[in-house]
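Below, each chain spelled out in residue letters.
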Amino acid sequence: MEVDEPVRLPRLPRVAVCGGTHGNELSGVYLVRELLKDLREKDAEDGGPLSVLVVLSNPRATQQCRRYIDVDLNRCFSHATLNGPVPDASPYEIILSRKLNALLGPKGGQGAVDLVCDLHNTTANMGLCFIAYSDSDWICLHIFKHLQMPDMPMRFIHYDVSKKESYSLDSVGKHGFALEIGPQPHGVVRSTNYTAMKVGVQHVLDWVRHFNSGSVFEGGFVDVFTMVKKIDYPRDSQTHNITAAVHPHLQDRDFCLLRPEDPLFQTFSGEALTYKGSEPLYPFFINECAYYEKGVALSLARKRRVAVPPIRAQTEEDKQASFASEEEE
Amino acid sequence: MEVDEPVRLPRLPRVAVCGGTHGNELSGVYLVRELLKDLREKDAEDGGPLSVLVVLSNPRATQQCRRYIDVDLNRCFSHATLNGPVPDASPYEIILSRKLNALLGPKGGQGAVDLVCDLHNTTANMGLCFIAYSDSDWICLHIFKHLQRQMPDMPMRFIHYDVSKKESYSLDSVGKHGFALEIGPQPHGVVRSTNYTAMKVGVQHVLDWVRHFNSGSVFEGGFVDVFTMVKKIDYPRDSQTHNITAAVHPHLQDRDFCLLRPEDPLFQTFSGEALTYKGSEPLYPFFINECAYYEKGVALSLARKRRVAVPPIRAQTEEDKQASFASEEEE
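These protein sequences, in sequence, are chains A and B.
Read left to right, the first sequence gives residues 1 to 329 (our numbering).
Read left to right, the second sequence gives residues 1 to 331 (our numbering).
For reference, chain A alone in the conformation it holds in the complex (with noise of 0.2 Å):
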């Protein structure tokens, strides 16, 4: 095999666009609604239709504008809770979850979507991001090399989970990403991040068909930010609220180094508190509105290059000679 041959990858026919995940994450919402009025099977040029299944995933958590009723939907989709005893009395959410799974699963199956673009909003400032648990996953990479749109920072965020280990809705698909675009209040829906959300999702779905249709897509670099920790709010040991905020020299930065030594947090009665770790990161998830409950008032990123081979779509041929060499064999 030549060095520059394309890696070749099977056809992604079915494609998955779910918003409202969390029902107070407006541009997801409303441009799912938007695209339902559109609802239709799109042509692609060559290689056949191309399935868009537009979801709106927590109904009842988008009519009451919350994150989630009585668990947070993003945290649902590992095997063990997908497969686990259902009683009655589950959670609302782990309920939705089984549905989910039956409508874009079942999850590590051959049924399941080709590919599941998750849409979401963050309160802290990072542009628009694409959130996987691989680097190394070629249709991930080249949705989102394809996606430079101008005026919008864009990256690449890579939480190093397992497959097994997932759990999140973007893990049911074959492959799959959450698109992520802040800053935006929750429950606010702000017009530009929602255009940005619109003409990407309509990026995402142009290279679907492309590749499809037999399209080469060459290959090149990406910087991927791997997540290594993350970092709570100092808290009263009582009372366990919150006892600072993000310092003013962090607040709002997103992607930019943090060293050791550099301004982390600012207490309520002035005291600056500093980044005690010894290696400098790359911090993100910012002033998270919903990570609160969750103990994280930061992220933090190791950053490197990646290698991205050329792509393209097998062929039937490709798969008749993968067969007959399986029988070979």
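Hints in this document: simulated from the structure, not taken from any laboratory.
In this text, a Cβ means the ideal position worked out from N, Cα and C, and glycines have one as well.
Watch out, some of these pointers could steer you wrong.
Stated by the list, open to error - Here are the simulated distance ranges between beta carbons:
hint : chain 1 : residue 1 : chain 2 : residue 2 : range
1    : B       : P87       : A       : R75       : 37 to 45 Å
2    : B       : V71       : A       : Q63       : 17 to 25 Å
3    : B       : S280      : A       : D252      : 38 to 46 Å
4    : A       : Y92       : B       : F223      : 50 to 58 Å
5    : A       : E165      : B       : V71       : 36 to 44 Å
6    : A       : T239      : B       : D153      : 27 to 35 Å
7    : B       : H251      : A       : P10       : 42 to 50 Å
8    : A       : R75       : B       : C258      : 38 to 46 Å
Unchecked claim - Far from chain A by the CB rule (all over 10 Å, computed), these chain B residues:
hint : residue
9    : I69
10   : A80
11   : S90
12   : R98
13   : G109
14   : M151
15   : R211
16   : R261
17   : G279
18   : R304
19   : A309
20   : D320
Let chain A serve as the given structure and place chain B on it in line with the hints.
Just chain B now, kept in the frame of chain A:
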């Protein structure tokens, strides 16, 4: 009386600082918690003690980091609501409003606190705002002027809702004087350090002003630009689902207090169409895209601006009080 003779107003011995009236507006929640650590009576230099009550208004909503449990507490203080019947199954905030009225009021009565300063945050880009029911309450206007001088880098505006004392419904209407101190932008459920600090410094200046006022200082007159709310505009909505069909237009987003003229962009639909302002009068928008107002049917509020002349003021002395009793007896 000479033209520049200060208006004499009763001293303000009791001030209430309230936070967490909306449980997810966190600058006030954390400031009240911090102030409660330091709770003590402060002596003014001349005028006697200033009693500062620090109150976490809505404890259950604060604990759950929600705006309210059943109903918006900051709409529960009209005379009708405070004096109506309270069956056992009443909303949490209705019962709570009675307790707050007993603590800080009774509204309209002699025993009410002299000043209520109620702390709020907004997702709108409003900087620091005072919100009051009157554009001629010289106490509130003088406190605002004082804060403007002390915090020159903070964008600061005075908003007036032209609602009679009788119809007033918010917590700050329980005191003899009162105002909401609103800081934004901040997402609900988030505390941003700069907003917290601005609120902390602002409240200190409010209390300092009251001490100086109580000690007999004369405060020069001047002018304040007052924004009087005229109308509100809702989002365009789907007639069947009632869901909003557009967001605030990018050209208007974050432009609180920048004049909105007829035909200026107002909304952008989710399918990309621009909708423009159809009013005939240029007005000043504020509370643009406030999260909590979606359910109240308000995308933005609109105000007229005018310059209000504020007279010099000073606290009434004991002699002033005696003289006024004497003249009442003569009548």
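Notebook entry, point to check: Taking 10 Å as the cut and beta carbons as the points, is R98/B off the interface with chain A?
Noted result: 27 Å, holds
Next item on the list: Measuring Cβ to Cβ, find out whether R304/B lies farther than 10 Å from everything in chain A.
Entry: Given a closest Cβ separation of 26 Å, the condition holds.
Notebook entry, point to check: Has the hinted range 17 to 25 Å been met by the Cβ atoms of V71/B and Q63/A?
Noted result: Cβ of V71/B to Cβ of Q63/A: about 19 Å, so the range 17 to 25 Å holds.
Check: Holds or violated: 27 to 35 Å for the Cβ distance of T239/A and D153/B?
Finding: Once the Cβ atoms are compared, 34 Å apart, the range 27 to 35 Å for D153/B and T239/A holds.
Check: Since M151/B was said not to touch the interface, does its Cβ keep a gap of more than 10 Å from each Cβ of chain A?
Finding: Consistent with the label, M151/B stays out of reach of chain A, its closest Cβ about 16 Å off (over 10 Å).
Notebook entry, point to check: Just checking, R211/B versus chain A, shortest CB gap more than 10 Å?
Noted result: 22 Å, holds
Next item on the list: For P87/B and R75/A, compare the CB-CB distance with the range 37 to 45 Å and indicate the outcome.
Entry: Hint holds: Cβ distance 40 Å, inside 37 to 45 Å.
Item checked: Cβ separation of R75/A and C258/B, checked against the hinted range 38 to 46 Å -> 42 Å, holds
Notebook entry, point to check: That 36 to 44 Å hint for E165/A and V71/B (C-beta), does it hold up?
Noted result: Given range 36 to 44 Å: holds, Cβ gap about 43 Å.
Check: For the pair S280/B and D252/A, does the Cβ-Cβ distance stay inside 38 to 46 Å?
Finding: Once the Cβ atoms are compared, 39 Å apart, the range 38 to 46 Å for D252/A and S280/B holds.
Next item on the list: Could you say whether the range 50 to 58 Å given as a hint is met by the Cβ separation of Y92/A and F223/B?
Entry: Cβ of Y92/A to Cβ of F223/B: about 56 Å, so the range 50 to 58 Å holds.
Notebook entry, point to check: Is the Cβ of I69/B farther than 10 Å from every Cβ of chain A?
Noted result: Per Cβ check, I69/B is outside 10 Å of chain A; nearest 13 Å; holds.
The structure agrees with every numbered hint stated previously.
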